[in-house]
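Asker: Now for the letters of each chain:
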Amino acid sequence: MLKDMTLGQYYPVDSMVHRLDPRTKLAGTLLYIISLFITNNVVGYAIAFLFLCLCIGLSHVPPKYILKGLKPVLVLMFISVFFNLFFIKGEPVLFSWKFITITQPGLRQAILMAVRLVFLISGSALMTYTTTPTALTDGMEKGLGFLKVFKVPVHEIAMMMSIALRFIPILAEEADKIQKAQMARGAVFDEGNLIQRAKALVPLLVPLFISAFRRATDLAMAMEARCYHGGDGRTKMHPLKYGRNDMLVYTAFLAYLALVFISRKISIGI
Amino acid sequence: MSIIRTDKLVFEYTRKDEENNVTETVRAIDGVDLDIEKGDFIAILGRNGSGKSTLAKHINALLYPTGGTIWVGGMDTKDDAKLWDIRQTAGMIFQNPDNQMVASVIEEDVGFGPENMGVPTEEIWKRVAHSLEAVGMTAYAKKSPNHLSGGQKQRIGIAGVLAMRPQCIVMDEPTAMLDPIGRREVIKTVHELNKTEHITVILITHYMEEAVDADHVFVMEHGQVKLQGTPREVFSRVDELKALNMSVPQVTELAYELKKSGVDIPDGILKIEELTEALCHLN
Ligand SMILES: Nc1ncnc2c1ncn2[C@@H]1O[C@H](COP(=O)(O)OP(=O)(O)O)[C@@H](O)[C@H]1O
Ligand SMILES: [Mg+2]
Numbered sequence: 437m438l439k440d441m442t443l444g445q446y447y448p449v450d451s452m453v454h455r456l457d458p459r460t461k462l463a464g465t466l467l468y469i470i471s472l473f474i475t476n477n478v479v480g481y482a483i484a485f486l487f488l489c490l491c492i493g494l495s496h497v498p499p500k501y502i503l504k505g506l507k508p509v510l511v512l513m514f515i516s517v518f519f520n521l522f523f524i525k526g527e528p529v530l531f532s533w534k535f536i537t538i539t540q541p542g543l544r545q546a547i548l549m550a551v552r553l554v555f556l557i558s559g560s561a562l563m564t565y566t567t568t569p570t571a572l573t574d575g576m577e578k579g580l581g582f583l584k585v586f587k588v589p590v591h592e593i594a595m596m597m598s599i600a601l602r603f604i605p606i607l608a609e610e611a612d613k614i615q616k617a618q619m620a621r622g623a624v625f626d627e628g629n630l631i632q633r634a635k636a637l638v639p640l641l642v643p644l645f646i647s648a649f650r651r652a653t654d655l656a657m658a659m660e661a662r663c664y665h666g667g668d669g670r671t672k673m674h675p676l677k678y679g680r681n682d683m684l685v686y687t688a689f690l691a692y693l694a695l696v697f698i699s700r701k702i703s704i705g706i
Numbered sequence: 010m011s012i013i014r015t016d017k018l019v020f021e022y023t024r025k026d027e028e029n030n031v032t033e034t035v036r037a038i039d040g041v042d043l044d045i046e047k048g049d050f051i052a053i054l055g056r057n058g059s060g061k062s063t064l065a066k067h068i069n070a071l072l073y074p075t076g077g078t079i080w081v082g083g084m085d086t087k088d089d090a091k092l093w094d095i096r097q098t099a100g101m102i103f104q105n106p107d108n109q110m111v112a113s114v115i116e117e118d119v120g121f122g123p124e125n126m127g128v129p130t131e132e133i134w135k136r137v138a139h140s141l142e143a144v145g146m147t148a149y150a151k152k153s154p155n156h157l158s159g160g161q162k163q164r165i166g167i168a169g170v171l172a173m174r175p176q177c178i179v180m181d182e183p184t185a186m187l188d189p190i191g192r193r194e195v196i197k198t199v200h201e202l203n204k205t206e207h208i209t210v211i212l213i214t215h216y217m218e219e220a221v222d223a224d225h226v227f228v229m230e231h232g233q234v235k236l237q238g239t240p241r242e243v244f245s246r247v248d249e250l251k252a253l254n255m256s257v258p259q260v261t262e263l264a265y266e267l268k269k270s271g272v273d274i275p276d277g278i279l280k281i282e283e284l285t286e287a288l289c290h291l292n
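Protein sequence lines, in the order shown, are assigned to chains W and S.
In short: position in the first sequence from 1, add 436, done, that's the numbering used here.
In short: position in the second sequence from 1, add 9, done, that's the numbering used here.
Because the hints were derived from the structure by calculation, they are not lab data.
Warning: the hint list may mix true and false statements.
Simulated crosslink set (DSS-like; lysine-lysine; CA at most 25 angstroms straight-line) [claimed, not checked]:
1. W:K672 to S:K151
2. W:K635 to W:K613
3. S:K151 to W:K504
4. S:K91 to W:K677
5. S:K251 to S:K204
6. W:K672 to S:K152
7. S:K91 to W:K672
8. S:K151 to W:K500
9. S:K152 to W:K677
10. W:K677 to W:K507
11. S:K152 to W:K504
12. S:K135 to W:K500
13. W:K507 to W:K613
14. S:K47 to S:K235
15. W:K672 to S:K235
16. W:K677 to S:K151
Computed from a predicted model, the values in this text were never measured in an experiment.
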């Protein structure tokens, strides 16, 4: 169940995207997300789609894997589609029955919103698939390093994030094991109303939390034993340095952003 | 030259109530005198709660003695200025292989220690390559640790310590969570490191079989060293070991029983081959 969760996990293959500086990928993802909110018509979405395909193609991550990562956010998508579809008023009305009305602007907005979400999540997932958590946090640490001036503990936050990512699959597997153990003893997780189901989760969450705290204590000790003492005086296995490809990618992103801007002026009626 | 020396080492855990008054003290180490030579392979045996882990944590300056002194590579662990040198001199491997891995890519995990020590980047990569080779895990350098077996994970842990260039590795029941194959794999790896890289190994275990090839064995009980000597010396004292609620390797026990019932074989047999040999030479 939880074990199959692919969102946010590194996909270890070698590609040009994998080798980019993590700061480039972080900035690129941010620009891509911004671009999705700039687009307002089909042409813009088509450009965004083609650009995403290009990135995925270059990354050697199988598209199937990316689609799998979308599963956990399906619920969110349904909610957004639901609200857009039924609650946006306007003309012309396409369908009306009792209190349910579906309007053309509502339908359009629902579809665009769903597409936007899919692109947004695929885009950010692609970043985590192609960047090891360490590189990702290194990128954040260096990219946001200026915040240290404001006493933001950038290194600590970055370290916490990378450890969280390291332990997600381990804890997920553990939750799976505990659930099976409780089921073998007669616990029921998938029946009853919402409250009953929530209650059934208690015997799963309590042991999981205890184990997580135990692991945290162990890990803290192991890190100390390996001379960890914060970010001061630390060297890096992968010092961040922009290469030629990074400059190319920044240029490509700016060109893409310009295209998206231009697309706003093009109207083909839908 | 001795790498680890303790003098009347004492450690007490204290439990405190809300007002910070000591409500209970547990004496986990009770006057231990050790002197461990550089390059030795040491095994420490003892029941659960006999103080082995507490002792191990002293060697790495994760705990400080409440009485007596411990020197690691000639440095008193109470000397704060030497803290990082001490932790670099004596590396530590823990029981649960998952809970000591920091990074999601194996080579990055191996490089974690040197990174903390401020080793220059190029040197880190050399050390990582060398360490992974020493534990026979080079092929996995770019992989995620999640799909490894327990024995392989523990070998990565050892590589991570090796990359810090320690003189000594302390292992606190490194095989307790492994299957027999993983267990053999890890023990073989540390024996190799002991021989080829001349690293002092302190292996804490409760599998008697793992202590058989050590140079020196300590048996702990109630925070004290009750028995010590070469494996042959220690394991020939079957009655004393039993009194401490400890088992001996199966062959040793069999040989001991045979001898007790009148068969003429030598004391302290540790391996199946030895027993076969001894039995073949009867009459
Ligand atoms: N954190 C702790 N707080 C209080 N007592 C402890 C703590 N850790 C261990 N002890 C006690 O110290 C003694 C020795 O424990 P330990 O060194 O873990 O033994 P071993 O590793 O040989 O099983 C035991 O009696 C144990 O209950
Ligand atoms: Mg212990």
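Asker: A separate judgement is required for each hint: does it hold in the structure or not?
Answerer: Going down the list of hints, with the structure as the test:
Straight-line distance between C-alpha atoms of K672 (chain W) and K151 (chain S) comes to about 17 angstroms, which keeps the hinted pair within the 25 angstroms bound. Our distance criterion of 25 angstroms between C-alpha atoms is met by K635 (chain W) and K613 (chain W), whose separation comes to about 18 angstroms. With a C-alpha separation of about 23 angstroms, the suggested pair K151 (chain S) and K504 (chain W) falls inside the 25 angstroms cut-off, and the hint holds. Taken as a hint, the K91 (chain S) and K677 (chain W) pair is broken in the structure, with Cα atoms around 34 angstroms apart against an allowance of 25 angstroms.
Simply put, K251 (chain S) and K204 (chain S) have alpha-carbon atoms about 32 angstroms apart, too far for the 25 angstroms limit, and the pair is violated. Straight-line distance between C-alpha atoms of K672 (chain W) and K152 (chain S) comes to about 19 angstroms, which keeps the hinted pair within the 25 angstroms bound. Restraint check: the Cα-Cα separation between K91 (chain S) and K672 (chain W) comes to about 23 angstroms, which is no more than 25 angstroms; the hinted pair holds. Our distance criterion of 25 angstroms between C-alpha atoms is met by K151 (chain S) and K500 (chain W), whose separation comes to about 23 angstroms.
At most 25 angstroms may separate the alpha-carbon atoms for a hinted pair to count; K152 (chain S) and K677 (chain W) meet this at roughly 23 angstroms. Simply put, K677 (chain W) and K507 (chain W) have alpha-carbon atoms about 35 angstroms apart, too far for the 25 angstroms limit, and the pair is violated. Between K152 (chain S) and K504 (chain W) the alpha-carbon distance is near 21 angstroms, which keeps this suggested pair within the 25 angstroms criterion. Using a Cα cut-off of 25 angstroms, the hinted pair K135 (chain S) and K500 (chain W) is violated, with the two alpha carbons roughly 37 angstroms apart.
Between K507 (chain W) and K613 (chain W), the direct Cα distance comes to roughly 22 angstroms. Compliance with the 25 angstroms bound is thereby established for this hinted pair. A hinted pair counts as satisfied when its Cα atoms are at most 25 angstroms apart, and K47 (chain S) with K235 (chain S) qualifies at roughly 23 angstroms. Between the alpha carbons of K672 (chain W) and K235 (chain S) the distance comes to roughly 46 angstroms, so the proposed pair goes past 25 angstroms and is violated. At roughly 20 angstroms between alpha-carbon atoms, K677 (chain W) and K151 (chain S) fall within 25 angstroms of each other, so this suggested pair holds.
Violated hints, in rising order: 4, 5, 10, 12, 15; the structure is consistent with all others.
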